[in-house]
Amino acid sequence: MNRKMRKEKLKKEKNTKKKIVEKEKNCNKLNSKGENMSKEELLRRMEKSIVEGNKNDAEALAREAVEKHVDLNEAIDEGYVPGIQKVGELWEKGEYFLPELITSAECMKAAMGVLKPELDKAQIKAKSFGKVVIGTVEGDIHDIGKSLVSSMLLANGFEVIDLGADVKLEKFIERAEAENSDFICLSALLTTTMLGQKKFIELLKEKNLFGRFKIMVGGAPVNQKWADDIGADGYAENAMTAVKEAKNLLRK
Amino acid sequence: MNLTIRPKLELLKKELIEKIIEEAYTILEKQGVYVENNEALELFKEAGIRVDDETQRVFITSQLVEDSLCSTPSVIKLYDRSGDKEFIVGEDEVHFDPGSTAVTIIDHKTQEQRKALTEDLVKFTRLTDCLEHLHFQSTGIISSDVPEIISDSYRLYICLQFSEKPIVTGTFRVEGFKPMNDMLVAVRGSEKALEERPLAIFDACPSPALKWSNLTTQSLIDCARTGIPSELISMGMTGATSPVTIAGTLVQHVAENLCGLVICQLAKKGAPVIFGGSPSSFDMRKGTTPMGAIETMMIDSAYAQIAKHLNLPTHAYMGLSDAKINDSQAGLETGIGAVLAALSGINVISGPGMMDFESCQSLEKLVIDNEICGMAYRLIEGISQREDPIATNLFDGFTKETQFLSMPHTRKWYRQEHIFPRVIDRDTYDYWVSLGKKSMDDRAYEEAEKILRENPPSLLDKNIIQELHKIMLSDARNNGISALPEIKI
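Order-wise, the sequence lines are chains A and B. Once you know that position 194 of the first sequence is 194 in the numbering used here, the rest is easy, because the numbers rise by one and skip nothing. For the numbering used here, add 1000 to where a residue sits in the second sequence, where the first one is 1.
These are computed hints drawn from the structure, not numbers from a lab. Even for Gly, the Cβ is constructed at its ideal location relative to N, Cα and C. Heads up, a few of these hints could be off.
[Stated by the list, open to error] Computed footprint of chain B on chain A; a stretch qualifies when at least three of its residues, placed anywhere within it, have a C-beta under 8 Å from a C-beta of chain B: (1) 61 to 72; (2) 191 to 199.
[Claimed, not checked] FRET-style restraints, in silico, Cβ to Cβ: (3) T1110/B - D229/A: 14 to 24 Å; (4) E1066/B - N180/A: 32 to 42 Å; (5) D228/A - D1327/B: 19 to 29 Å; (6) R1114/B - F97/A: 26 to 36 Å.
Let the hints inform the model, and build the full structure from the sequences given.
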């Protein structure tokens, strides 16, 4: 046998071994119907549920992963996260728009709603990019943009505490301190409530907390210049750039 | 027999209008509306309406809506500052007013947006006062040289001093009502005179979906009791804060407006109300609310048609653009909007001058938009026979050399039949070059300067100005502000 043929033979053997090992692994996984479903298939279906925005599937598959004792962090990293990444790519390409973004994010939230408590139970730490406290500044009841950012941050690996709308400035600080959060994100849709973002930073300085949290601001009347003027760490114009900006700030 | 028709745009079939209204009634009764104001909640209770105290939701019966519609006037008479000139707000009478509550102004020289100051507000008010196709004034700009807390009363304070036209305005805080009402009373002479000849309309916006905040509800109540017409501005964003279909958004729009109307009637039966709005198509790609989208205009025209079906005066935010500079987008969005609004017979059309998602005003655009309004007015005037016979007699003794320029008929009718726009370019190419190859924006800038230069401000009686100043200063002092900016003309 010449070298080339030997190489090919070895390759084939390796592949066959791989397949056998996989098959053995997967043989132990039976779905509720008693059929064989490979882990690969489960992960792919998880990804699909996010991309297609199918909340029922996302939740059901998460429960299945728990039942089958699948490594839950793996389920998140290899199943759901690729889904949300694909959604991000489709958004960048201009094929997915806001309704797809938000439904996919909600599916992610639903899946995490099943998986996170299980991880907590097993005392396994879920991978997280950081904790975020987010809300709309007091006096402002607009919350749709903020909710979208909230969902996208959650879907992209952040722990999110959403305080809702019309949130008093002190409450942001109280909660961020209590949760030991990394970020505080403030949204304002009115030119009048936008000033609350400035007041907030002044309040942090008064309490000697400026610099403790990364502050991000957003909302229709807000822009980069405003964010710079008031001393915020970051500004994002929409939910997708908010995720990027948050990840950027982590590196600083 | 009058052969002239008023051209009209109607987007909804009667059966669809009825279906939309029916669903609005159902929502009012079954889902209810969140009303954040205690006095309003008490008024509802007194009227026998079920109120859930915990969620602050009111469940309005169809009967109450019907009764309220019956007592709401179908026509409102608005008067100018002198009280002499009367404007009908109702039927198909059309009045344009500049888009309101902008925070920035376009600086023509730099083509940048900058924060507006008192002198911009003065210029804006004076310019609007001179533009013939803008029947109403608005407190269109918030000046940044005054603390935010008194910005509502302050803009009215400036507006009243420099314009004779009726004003579209509104409160930003519950406490804002008193000084603003006091100023209007000062101009009119007495509360009774103000009630008989209203000078201003107050805008109040419910928050989508189905919420009336404390501030806006209080505005409805206060205005109802003083005879100030309330303009209800529902503002759903399709697929975001209201259903994504236009028909769906209309259902919500009608429900929110009717709730506001009921509150006005409960506060005072017979209170003047204008069914209005500033809804928009929500761009699912950008997350923005384009006022220039055709769908936005369709929603406006349609809800106005529904309001007319209910015999109510109408309002809409049309005739504005989302462009950031005075380019073709600014022209086309405003043009299409103003024409559609006029064809829809909307009574108060807010928009001229406005850009960048209702945040920015431009003096140049105000001049350009005035031309657009002029075109819209000419359109709805329609085509008249003018003479009988129309033209056969003009052809008597017709020869190859006959021309129409020198005919008496031409001299008699040409000014009535054709409008003369001022900044629209109709020069020959060479002449346009000789004038400096100017753009519309440049010409509008020069025209604005010319108008302000040649027209002194229409000032109030000195005593009334003093009275206004007293009221304004008092409001300022109550809010810890000791002095007001100097007013430079």
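For each hint, the structure was consulted:
1. Evaluation of the coverage hint for the stretch 61 to 72 of chain A: breached, as 0 residues show C-beta separations to chain B shorter than 8 Å, against a requirement of three.
2. Counting residues of the stretch 191 to 199 of chain A whose CB lies closer than 8 Å to any CB of chain B gives 3, so the stated coverage by that chain holds, three being the minimum.
3. For T1110/B and D229/A, the Cβ-Cβ distance of about 19 Å falls inside the hinted range of 14 to 24 Å, so the restraint holds.
4. Separation of E1066/B from N180/A is about 57 Å and departs from the stated range, judged on CB atoms against 32 to 42 Å.
5. The beta-carbon spacing between D228/A and D1327/B, approximately 28 Å, falls within the hinted interval of 19 to 29 Å.
6. At about 33 Å, the CB distance of R1114/B to F97/A agrees with the hint of 26 to 36 Å.
The structure fails to meet hints 1, 4 from the earlier list, while all remaining hints are met.
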